[in-house]
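Chains as they are written, first to last, in the numbering used here: chain A, 27 to 343; chain B, 1214 to 1546; chain C, 482 to 817.
Heads up, some of the hints might be wrong.
One side of the interface only, derived from the structure: several residues of chain B facing chain C at Cβ under 10 Å [unchecked claim]:
1) Gly1371
2) Asp1427
3) Leu1431
4) Tyr1463
5) Ser1473
6) Pro1483
Simulated from the structure, these hints should not be mistaken for lab results.
Don't be surprised by glycine CBs; every beta carbon is placed ideally from N, CA and C.
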Amino acid sequence: MTDQALLLPQEEKQFSLAKDAFIRLVANRLAIVGMVLVVFLFFVAIFGPYLTPYDFLSQDLMSRNQAPSWLHWFGTDDLGRDIMSRVIYGSRTAVIVGFSTVSFSLVIGIFLGALGGYFGGKIDAFIVWLIDITMSIPSLLLVIVINVSLKPPLVNWMDAQYVATGNQIYRNTIWVDFVLVFGSLALIKWPKAARIIRGQILSIRNKNYVVAAEALGVPTSRIVRRYVIPNAIGPIIVYISAALGEAMVLESSFSFLGVGVRPPIPSWGNMISDGLRIWQMYPHVLAAPAAVLAIVTIAFSFLGDGLNDALNPRQWK
Amino acid sequence: MTKLLEVNNLHTRFKVRNGYLHAVNGVSFSLDKGEMLGVVGESGCGKSVSMMSLIRLLPPAAQITEGEVFIDGEDITNASVSRVNAIRGSKVGMIFQDPMTSLNPFMKIGDQIIEGIVYHKKIARADALSQAAKYLKMVGISNAEHRLGEYPHQLSGGMRQRVMIAMALLNEPSLVIADEPTTALDVTIQAQIVELVKGLREKLNMSIIWITHDLSLLAGMVDRIMVMYGGYIVEEAVIDDIYKSPLHPYTIGLLKSIPSLKTEAGSRLPSIPGAPPNLFTPPTGCPFSPRCTYKVDRCQSEVPALAAVPGAGGDRPHRVACWVDMRGRGVEQ
Amino acid sequence: MNTHAQQKPLVVVENLVKHFPIKIGAFGTESAVVHAIDGVSFEIYQGETLGLVGESGCGKSTTGFALLQLHKATSGSVKFDGVDLSKLPAKDLRAMRKRVQIVFQDPYSTLNPRMTIGEALSEPMRVHKICPEKETQQRVAQLIRDVGLNPNVANRYPHEFSGGQRQRICIARALASNPEFIVCDEPISALDVSIQAQIINLLMDIQEKYNLTYLFIAHDLAVVRHISDRVAVMYLGKIMEIATKDELFGRPLHPYTKALLSAVPEADPDLERTRKRIILQGDVSNAIDPPAGCRFHPRCVYAAEICSQSIPELEDHGKGHRVACHRLAEIEKETA
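Could you build all of it, start to finish, from the sequences and the hints given here?
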């Protein structure tokens, strides 16, 4: 009934957007390098401690500050501990903190961002105000305040509980460090997640395809499920990748300053801090954790850039 | 008539992620002093890019790979950047499509207009402003002295386009390139602007290149028309030839498919099948061949050259890029 | 294209008003009202196409959106088949949407990029339970064929298609729920010139095949003339003139309609050389503070005192040709 030849797109391939994005991601060499490194990091963080030749705590005072050798690939530190084992264990610290931080900030961010974006009006104004207030707090100061004001009473209370009940749960205070680090990090990071999600929902709600769905009589719940969420997912994935990298770097920075994870639990940050005292004589003590931290940072930024390009299709149209 | 502009075999391409997008593929034409040329084509046909290439006003990803451009006999493609800047400021004026975004919202109209002459001619601000007021009057803006002190948001779309035109004219250019200057405007405002430009052209005796996608708009305005498709000029002739005896299948199809206030309403429109070419994967041979109903085997393998049709066009050659002789097969008037 | 079936109005719009409150001023402290449409009345008969023309900001698209209740009207009523849509509860309105559909201007942004063409087309069928689940695919294929595409495009995504192809898909989606009435909101103005004729033909073909009624909104008079049975001309939120196509284009009465028609360029150099244009002075007035009296009077060469004082009503001048102008009789005498 029409006068034209059947009009077909020129390419014969049939891609979903997800597949299309994946193909673009794979085509980006730097993103692949980043992805391989990130996967390797997760693998090491999960299985590493079972593969290390030495215990990360065991000291060998006879072989202190040894240069890298076949026995100790990254050398040993000033207590004779194997640096490679400690770096591997440090990756677990970083990944635990990274994941907890990002999940916490996402939960808060999605809840508040979606609330503001969807309902608008006064609720939105309040949430935007909250975001602005939170973002204006200097993060380092906040972490130090939390550490100084919350940690000692918490640890004292746990000691008292241990004395009173004898329950082993109260004996190990290391996880307090972790909870405080990722708790304070999540407090700093949620506004960014909330802003991204709020922006996404606001812009998608006004997209013509949502109006079109409304005109078709599609119920609101289905519009949210089939039209709003799938289109908001791209930037959130990009955010997750970037936030993971950032959280790991921040964890290291705080540990370096002594307000994060404290020795003897290894973190790249406190290892760098330890190495800094003696690096002029024994540079390898500083080099190993610093290099790993740098590589991880770069890996996440490559992956983030790649994801960003891959998930924002049609930049040319 | 003397030649103001001469363009030989111009090629412009864009660097994109996986290679090049060939936007302009060998464009040659000339323009006389005082002549008005219409360049018509659909989005992506290369009409804007080729005309911006004339004064090298291109985004960083674009590059001119071949060809030469002479304005007043001066080679533009090989001139230094500062020389090209000087030419843009003195000999060539530009009018853009969107008068809403082409003006800086934080600068007063007057200051924006004189920006060019204060820079290029080193004249005093007060003199420049009185000059600007003169040109604002010329483009039909009443109360011009007062308008100089206003900001762009205080003017309507049609007024802003008049300001843009005044800006383009201020250096008394010999060539004005107008890139879809009325596309963003309503039809009654478009009629105002067209009348204005026609009047100014007679008064100032300048050459104008008017780029548009609207073939009907050019009929009452220009001397000559160049039709572009897929980065090539496919047809070029004086207006009567283009509308009365078009010789390229694309021009013919386009003219037939535009509904007008005179055609028989309610009937099916003769339409061109298919869609304009994708410049990432251009068709081999003639760019129009996939949509052409007259095509022969040769059309799909060789690009036809733009050549004068013998016996057509009178004193100005009627040039067509087509392997098929379309004489006598065009629009029935 | 049935000009004689004008007995039963399918859509009756009465005194429709839509004001958008906005915030102006540097800190958004002052509020103002945009008078997008200010009392618009018309009816659309079963099987016809009513063209709605006007320049940007005249309220033609707002009229379409308010008619479909995509914008809640400030006042006035829209009766579809006797039912007042503005008073329908949300659930009934949603059910009613299967009978009234829309084709939007921009085919690039009206398709969900995360849904295949097949999913997009089956969406209205699923929502309105048009056919049994297992017949959906078959019906999707039929719709795709109806709009001139190959049915194997069903599992592709919108980004693989050109503008014209997407507009075909949008038309198929509008057809999916078997509607009786479609609002075409500038369906061709975002498309390439050589594609526009294809889409106009398609819209006319499916109108005949499915016995549809159209409200065709556009700014291009030649296109409106081509596709419409009757035409309404809007200016700044008001209808200035409404008549059958032959009447409106053959015997335009309102000064604005005359100016609008005279501004349309023709692809005919001989005609253009001899043509006397009516060039309107000035710009369209601001919809935040529309002029008192006739909305057009600040630009009208025939304007008299009365024009700035009272708003002219649409009055019938024979053959259903209605015009809103105080000075029609004088103008007729003057130009005769």
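Right, here's what the structure says about each hint:
1. Gly1371: It holds, given that the least Cβ distance between Gly1371(B) and chain C is near 5 Å, below 10 Å.
2. Asp1427: Result: holds, 7 Å to nearest chain C Cβ.
3. Leu1431: Since the shortest Cβ distance to chain C is 8 Å, the answer is holds.
4. Tyr1463: Holds, because the Cβ-Cβ distance from Tyr1463(B) to chain C comes to roughly 8 Å (cut-off 10 Å).
5. Ser1473: holds, 5 Å
6. Pro1483: Result: holds, 7 Å to nearest chain C Cβ.
In summary, the structure agrees with every hint in the numbered list given earlier.
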